[in-house]
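Going line by line, the protein sequences match chains A and B.
Counting from 1, one number per residue, gives the positions in the first sequence under our numbering.
Counting from 1, one number per residue, gives the positions in the second sequence under our numbering.
What the hints contain is simulated information worked out from the structure, not anything from laboratory work.
Ideal Cβ positions, reconstructed from N, Cα and C, are used throughout, including at glycine.
Relax, there's no trap hidden among the hints.
Computed footprint of chain B on chain A, listed as stretches where at least three residues anywhere in the stretch have a Cβ under 8 Å from a Cβ of chain B:
| # | stretch |
| --- | --- |
| 1 | 43-49 |
| 2 | 83-97 |
| 3 | 107-114 |
The primary structure of each chain is shown beneath.
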Amino acid sequence: AQSVAQPEDQVNVAEGNPLTVKCTYSVSGNPYLFWYVQYPNRGLQFLLKYITGDNLVKGSYGFEAEFNKSQTSFHLKKPSALVSDSALYFCAVRDSYSGAGSYQLTFGKGTKLSVIP
Amino acid sequence: DTAVSQTPKYLVTQMGNDKSIKCEQNLGHDTMYWYKQDSKKFLKIMFSYNNKELIINETVPNRFSPKSPDKAHLNLHINSLELGDSAVYFCASSQEWDSNTDTQYFGPGTRLTVL
Numbered sequence: 001a002q003s004v005a006q007p008e009d010q011v012n013v014a015e016g017n018p019l020t021v022k023c024t025y026s027v028s029g030n031p032y033l034f035w036y037v038q039y040p041n042r043g044l045q046f047l048l049k050y051i052t053g054d055n056l057v058k059g060s061y062g063f064e065a066e067f068n069k070s071q072t073s074f075h076l077k078k079p080s081a082l083v084s085d086s087a088l089y090f091c092a093v094r095d096s097y098s099g100a101g102s103y104q105l106t107f108g109k110g111t112k113l114s115v116i117p
Numbered sequence: 001d002t003a004v005s006q007t008p009k010y011l012v013t014q015m016g017n018d019k020s021i022k023c024e025q026n027l028g029h030d031t032m033y034w035y036k037q038d039s040k041k042f043l044k045i046m047f048s049y050n051n052k053e054l055i056i057n058e059t060v061p062n063r064f065s066p067k068s069p070d071k072a073h074l075n076l077h078i079n080s081l082e083l084g085d086s087a088v089y090f091c092a093s094s095q096e097w098d099s100n101t102d103t104q105y106f107g108p109g110t111r112l113t114v115l
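Next up, chain B with everything else stripped away, as it sits in the complex:
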C-alpha cells in the first residue's frame, strides 16, 4: 500500500497554463506539506496544512494555491505557469505539525516541466 501518493508523476505543459497536482496519504496523519526540489536538488518547503488549515506559507508566489478538502488530501494548484516553476514537487505528511520529533513521510514526487 502506498502511504503518500501523488498524481501525476510527470507533468509537461506550456507557459501560462494552469495545472494541479494531487496528493493523498493513507497514514492517518494530521499534517501535510508541499516541498519544491529545484534542479540542484535543493529542497524547500512551500506549504504546510494541519487538519485542513494552513500552518506554513513560505514566500511562494500567489500563483501557487494549496487546497485541502480533508486531512488526507492536499492538492497544489498553479496558475499562469512560468519556466522557473519547472521542478520536482514533493508532498509529505506527518502525524503532528507541532512536534519536533515527528517524522515526515514523502510521496514519490511530481516532475513538472514548463515549456
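Chain A with its partners taken away, still in its complex shape:
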C-alpha cells in the first residue's frame, strides 16, 4: 500500500527566506512523487515530479524538491520565498507495485504555507 505524510499542517516563513515543505512516503516498490500547489479558491496546479534520475528536481515558479531514498522523503524547497507563494501544498505518490488497475495518486493532507511580508 502506498501512503504519503506531510507532517506540518502549517509552515510560516518570512519573505526572502528559504522555505521547506516536508513530505515523506511509504511504498512497496519504487516511488513516483509529485508536488501540487492550490491557491485559495483555485484548482491544484502541478509543480514538479520525481520519476527517476537526478535526486534534485526543478519545477515551476522556482520550486525544487529533493528525493532522498534512505529517508523516504521528498521535501519541497525554494531559496527565497515570495508572499505570492502563500498557498496549500500537496505531496502525492504512486507506487510502482500498485498492480494492474491501480495507478492512483495518493495525496497527503496538505501543508499551508504562509509567507510573511
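Here the structure of chain A is known, so what remains is to put chain B in place on it, guided by the hints.
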C-alpha cells in the same frame, strides 16, 4: 486556453435535489478523474474513466453517477443530495490511466453546498 474546465464553479442547493457537474478537457488526454476535497482539504479520488470506460470506482455512494459521453468530457451526477455531500469537487485528466509517471492536471473545482 483552459486545459480542464468545470461548470458550475459554485453550486448551492437543497437536500434531496439532484444536480450535475460538468467537466471538459482540451488536452487530448485519454483519462479523466473526479476527486472530492472535504472541509479539511483532504483529497480523495472518486472515479476514473479511460476512453469513456470506468476504471476506478472507489467506495462512493451509488447516488453519485459519472457519465462520459466522449473522452474529453466526464460529468458527475448526484442524486438525492445530502448535507455530507458539501465539498469541492475536482475534475482532472491525464494522458494514460496505466502509467505511474503520468501527470494529472486539475480543473478549478466546483464548490457544492447542500443546505
